[in-house]
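Undergrad: Residues per chain, in single letters:
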Amino acid sequence: GAVVSQHPSWVICKSGTSVKIECRSLDFQATTMFWYRQFPKQSLMLMATSNEGSKATYEQGVEKDKFLINHASLTLSTLTVTSAHPEDSSFYICSAISGVVYFGPGTRLTVT
Amino acid sequence: QKEVEQDPGPLSVPEGAIVSLNCTYSNSAFQYFMWYRQYSRKGPELLMYTYSSGNKEDGRFTAQVDKSSKYISLFIRDSQPSDSATYLCAMSLGSQGGSEKLVFGKGTKLTVNP
Numbered sequence: 001g002a003v004v005s006q007h008p009s010w011v012i013c014k015s016g017t018s019v020k021i022e023c024r025s026l027d028f029q030a031t032t033m034f035w036y037r038q039f040p041k042q043s044l045m046l047m048a049t050s051n052e053g054s055k056a057t058y059e060q061g062v063e064k065d066k067f068l069i070n071h072a073s074l075t076l077s078t079l080t081v082t083s084a085h086p087e088d089s090s091f092y093i094c095s096a097i098s099g100v101v102y103f104g105p106g107t108r109l110t111v112t
Numbered sequence: 001q002k003e004v005e006q007d008p009g010p011l012s013v014p015e016g017a018i019v020s021l022n023c024t025y026s027n028s029a030f031q032y033f034m035w036y037r038q039y040s041r042k043g044p045e046l047l048m049y050t051y052s053s054g055n056k057e058d059g060r061f062t063a064q065v066d067k068s069s070k071y072i073s074l075f076i077r078d079s080q081p082s083d084s085a086t087y088l089c090a091m092s093l094g095s096q097g098g099s100e101k102l103v104f105g106k107g108t109k110l111t112v113n114p
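Just so you know, the sequences run in chain order D and C.
According to the numbering used here, the first sequence is numbered sequentially starting from 1.
According to the numbering used here, the second sequence is numbered sequentially starting from 1.
Among the clues, some could well be false.
Said to hold, decoys possible - Capping the alpha-carbon separation at 30 Å, the derived lysine-lysine pairs in DSS-like fashion look like this:
| hint | chain 1 | residue 1 | chain 2 | residue 2 |
| --- | --- | --- | --- | --- |
| 1 | C | K56 | C | K101 |
| 2 | C | K2 | D | K41 |
| 3 | C | K101 | D | K41 |
| 4 | C | K2 | D | K14 |
| 5 | D | K55 | C | K2 |
| 6 | C | K42 | D | K41 |
| 7 | C | K56 | D | K64 |
| 8 | C | K101 | D | K55 |
| 9 | C | K101 | D | K20 |
| 10 | D | K41 | D | K66 |
| 11 | C | K56 | D | K41 |
| 12 | C | K42 | D | K66 |
| 13 | D | K64 | C | K106 |
| 14 | D | K66 | C | K56 |
| 15 | C | K2 | D | K66 |
| 16 | C | K67 | D | K41 |
| 17 | D | K64 | C | K42 |
| 18 | C | K101 | C | K42 |
| 19 | D | K20 | C | K106 |
Said to hold, decoys possible - Stretches of chain C that chain D covers, calculated by requiring three or more beta carbons in the stretch to come under 8 Å of a beta carbon on chain D:
| hint | segment |
| --- | --- |
| 20 | 43-49 |
| 21 | 102-108 |
No lab work stands behind these hints: they were computed from the structure.
The beta-carbon is built from N, C-alpha and C at its ideal position, and this holds for glycine as well.
Sequences and hints are given; from them, build the entire structure.
TA: What follows is the structure, encoded as structure tokens:
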């Protein structure tokens, strides 16, 4: 199947700092990518839809000024968690479409 | 009522058992149904993908969709310890290959004991 990568796989940051997470489609072009958040023992919750060359579409309740999404090319979308707080600690997963939806390996964010 | 309901388990079975995982849903407009397997601290991996009602088989895995009952199932035959993971059902309205937004169940944690 198609390959989606994420970087970093694990990051620890201090409260108040910003963290950028990258999502790349390695062997296909993706005009649309999705960002999910998963808390322990919970299912994936869609945060936003990232569209290449245009603004992201955020789900209800997700702060667009806190979770900045940039989809600058057909193979790269970035999620920046601004002014991170401990409650933002979670597993962030991106996905992209190549026929069906493929997921990246996830990024574990811990905010201390 | 949540859009997708899935028993979180945990489910523990002996090696070689037949495993049945299920989800129910409320939105009759869903047309694409997927099962993903997620190992601890990893992203979900697509296992099976089905359009509309019917059965689909792939090796030891069989996916069933009953749209009239709004009920989907995943069967695992001859289960192996390597099948131990969390299994997530997902569905979408998507018109192209099950793409677009997915709605997930909570996931069922399966342990296959050797």
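Undergrad: Are the hints correct? Go through all of them and say.
TA: Going down the list of hints, with the structure as the test:
1. K56(C) with K101(C): The given pair, whose Cα atoms are some 22 Å apart, holds under the 30 Å limit.
2. K2(C) with K41(D): 17 Å, holds
3. K101(C) with K41(D): Given pair K101(C), K41(D) holds - Cα atoms ~21 Å apart, limit 30 Å.
4. K2(C) with K14(D): 35 Å, violated
5. K55(D) with K2(C): It holds: about 29 Å lies between the C-alpha atoms, which stays within 30 Å.
6. K42(C) with K41(D): Given that 30 Å is the threshold and the Cα spacing comes to 13 Å, the pair holds.
7. K56(C) with K64(D): 40 Å, violated
8. K101(C) with K55(D): Given that 30 Å is the threshold and the Cα spacing comes to 17 Å, the pair holds.
9. K101(C) with K20(D): 23 Å, holds
10. K41(D) with K66(D): Satisfied, since the Cα-Cα distance of roughly 24 Å is no more than 30 Å.
11. K56(C) with K41(D): 28 Å, holds
12. K42(C) with K66(D): Status holds; Cα separation ~25 Å.
13. K64(D) with K106(C): Status holds; Cα separation ~25 Å.
14. K66(D) with K56(C): Not satisfied, since the Cα-Cα distance of roughly 42 Å exceeds 30 Å.
15. K2(C) with K66(D): 27 Å, holds
16. K67(C) with K41(D): Holds, at roughly 28 Å.
17. K64(D) with K42(C): Holds, at about 26 Å.
18. K101(C) with K42(C): 20 Å, holds
19. K20(D) with K106(C): With a Cα-Cα distance of about 27 Å, the restraint between K20(D) and K106(C) holds, given a limit of 30 Å.
20. 43-49: holds (count 5)
21. 102-108: With 5 residues closer than 8 Å to chain D, the segment 102-108 of chain C meets the three-residue bar; holds.
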